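Trainee: With the hints as constraints, model all of the structure from the sequences given.
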Amino acid sequence: MELLRHIIFWLFAVLTVGSAVVVVFHPRVIYSAFALLFTFFGVAGLYVFLSADFLAAAQILIYVGGILTLIIFGVFLTAKITTLDIPHQTHQRYVALVPIVMIAAGLFTVVKNTVWPTAPLPHHPTTQVIGELLLTKYLVPFELASILLLAALIGAMRLARYYRKRED
Amino acid sequence: MWLDLGLIVGKIAVVFIGIIAGAFVLTWAERKQSALMSDRIGANRAAILGIKLMGIVNSVADALKMIFKEDFLPPKGLRFLHAAAPVFAMFPVFMTFAVLPFGPTITVGGKVIPLQILQLDVGMLYLLAFGSIAVYGVLLAGWASNNKYTLIGGMRATAQMISYELILGLSLIGPILVYGSLDPGVMATAQNGYLWGWIPKWGIIVQPIAFLLFLPAAMAETKRCPFDLPEGESEIIGFATEYSGMRWGMFFLGEFAEIVVLAAVLATVFLGSYQVPFLFDAGEKLGMAGFHFPWGAYLPIAEWAVVALRILSFGVKVLILMWLQMQIRWTYPRFRYDQLMRVSWREMMPIALANIAVTALIVMLVA
Amino acid sequence: MENSIFSGNLVAFLILFGATCALVGMFLALSAWLGPKRMTPIKGEPFECGVISKTDARSPYPVKFYLVAVLFIVFDIEVAFLYPWAVSFGSIGVAGFIAAMIFLAILGVGLYYEVSKRVLEWK
Chain A
0 MELLRHIIFW LFAVLTVGSA VVVVFHPRVI YSAFALLFTF FGVAGLYVFL SADFLAAAQI
60 LIYVGGILTL IIFGVFLTAK ITTLDIPHQT HQRYVALVPI VMIAAGLFTV VKNTVWPTAP
120 LPHHPTTQVI GELLLTKYLV PFELASILLL AALIGAMRLA RYYRKRED
Chain B
0 MWLDLGLIVG KIAVVFIGII AGAFVLTWAE RKQSALMSDR IGANRAAILG IKLMGIVNSV
60 ADALKMIFKE DFLPPKGLRF LHAAAPVFAM FPVFMTFAVL PFGPTITVGG KVIPLQILQL
120 DVGMLYLLAF GSIAVYGVLL AGWASNNKYT LIGGMRATAQ MISYELILGL SLIGPILVYG
180 SLDPGVMATA QNGYLWGWIP KWGIIVQPIA FLLFLPAAMA ETKRCPFDLP EGESEIIGFA
240 TEYSGMRWGM FFLGEFAEIV VLAAVLATVF LGSYQVPFLF DAGEKLGMAG FHFPWGAYLP
300 IAEWAVVALR ILSFGVKVLI LMWLQMQIRW TYPRFRYDQL MRVSWREMMP IALANIAVTA
360 LIVMLVA
Chain C
0 MENSIFSGNL VAFLILFGAT CALVGMFLAL SAWLGPKRMT PIKGEPFECG VISKTDARSP
60 YPVKFYLVAV LFIVFDIEVA FLYPWAVSFG SIGVAGFIAA MIFLAILGVG LYYEVSKRVL
120 EWK
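Protein chains in written order, with numbering that gives the first Met the number 0: chain A, 0 to 167; chain B, 0 to 366; chain C, 0 to 122.
What the hints contain is simulated information worked out from the structure, not anything from laboratory work.
Remember, it's a predicted structure, so these values are computed and weren't measured experimentally.
Yeah, the Cβ is synthetic: ideal placement off N, Cα and C, and Gly gets one too.
It is possible that some hints are incorrect.
[Unchecked claim] Below, a list of computed lysine-lysine pairs in the DSBU-like style, where the Cα atoms sit at most 35 Å apart:
#1 C:LYS53 x B:LYS147
#2 C:LYS42 x B:LYS31
#3 C:LYS53 x B:LYS68
#4 B:LYS147 x C:LYS42
#5 C:LYS63 x C:LYS116
[Said to hold, decoys possible] Anything over 10 Å on all C-beta distances counts as not near chain A; from chain B, calculated:
#6 LYS64
#7 LYS110
#8 SER243
#9 ARG345
Mentor: Below is the structure:
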């Protein structure tokens, strides 16, 4: 059983990282977007391993069902790009090194200071707990989220109206 | 452990055979019913050794024809995505059924077996999540085919599907509030409760508005008339124009399978799942399995018969809902695209939000 | 073994996933294997009702579709927030009701704004 768990974990891990590599290096944007689908799936699988089943389902619902659709729509809108090869050589290598080192250091500190559970977590339903916490302890972020969503909604509509005026 | 694995494989086999058989019969029933409704004869030509079975053999012929047809690949299209698109049309349909119970939890020789493949605490969310993947079928088909019509058709279909997906998601919140769980298995059990002791607590009775929102949204999701703008048989050319043979067949097998699955979701959430009114098993009524009527009468039934009746009732409900979808399809004319978007965003959305608020208020006052 | 996700659900999910992939793959493979391949240049042309296509098929489309996708995400996230609320509704009572109504009202305002500005009207 332990072996099986390891095999499944590595399958998800390889899926996530492997498809992420395709996202970065594939010369055609549409295939990059398509590979991102598998990255999102892999991440959802890793959430399942952390006994976060609500998060896994929400990940698929929002990222795969919503955000990736939007990304692909975006790719379609900029249609001509898909037929071009995007150059992959990097510019300003040494300047880029600064944020890379900073991010890597930040991630390393987090990894170092987190207490990682080595035994599998006992599985218990999380949805209800999340609901209760959202409406008690994290009430303010919950309400702020709705305002953030409202802002996104209005912003999107302003953009669309701008484009429509240009079309007229 | 091997027994567990065997049970899982067995349940998956039952569900897959059920969906495929349902879809297969639907392709035939669709033609026969439309023929009946428009005073035609319908499929009646194909025969094996002179046996026609009222035209069912035509479905076999159709399937064989699709397999042996040329597998067309548009030379300027994107080969890989062109092949991937029909996969995404079929894949989610078979994945989603797993969370729905097709019968009660049974006990055989001390082993408890729920007739449900995945007992997930997030069942309904899983259903929506995997259902949302179906969008990629039309989206990628439209793009990969290298054809203006397929691209426009794919965009139209995608916008339609995501708009109605929201209605599906929002209309389910009402029943979730009432039953207090996302697991369809728990929802099914809860629907054997009774209001004032005699009205079954089925979804359609406690949440009629949610049902009226969910049914049309589900039909829009299957892209069927009156919502068949993405691919209108002979009149509208849509996302599947550059597909042939079984690849084309997969889109439409997926569509028919989706009708079966959505009928099953509707039956689970709104029509009491596998429950038969006033039928209880031994566990629920202190060892007295059978019908307990509200006026006090009691009709004893063997435990195995209770299970059989319940599985049968689920099957019958799914069949009725499949028939209902087909009846609606051949009765109503098609929407225009502006009407389609207006119905979902301007009419169904506010009603769905209001339904959530009102349901929450009532649930709170009752509790 | 008593860890339910490993003993039951995850394994069941993986078997289901494998079975679905096998089924779908079988359909694709059967057709590719048994169907004839007689490609001609004319057959390979994009189907445009008999008119020979001159321009690239991947032309830009109305931005409105993009807008529908943005609005979809906003309300999809709302759905994801409301599901745990609906499940825990029984145990949080009046406070939870009021909080969720504020949440719904704010997004309701967004929906009203969107409808009143007629952004989703196809003309």
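Trainee: Are the hints correct? Go through all of them and say.
Mentor: Comparing the hints with the structure gives:
no., hint, result
1, C:LYS53 x B:LYS147, "11 Å, holds"
2, C:LYS42 x B:LYS31, "33 Å, holds"
3, C:LYS53 x B:LYS68, "29 Å, holds"
4, B:LYS147 x C:LYS42, "16 Å, holds"
5, C:LYS63 x C:LYS116, "13 Å, holds"
6, LYS64, "31 Å, holds"
7, LYS110, "19 Å, holds"
8, SER243, "23 Å, holds"
9, ARG345, "14 Å, holds"
Hint compliance for this structure: every hint is met.
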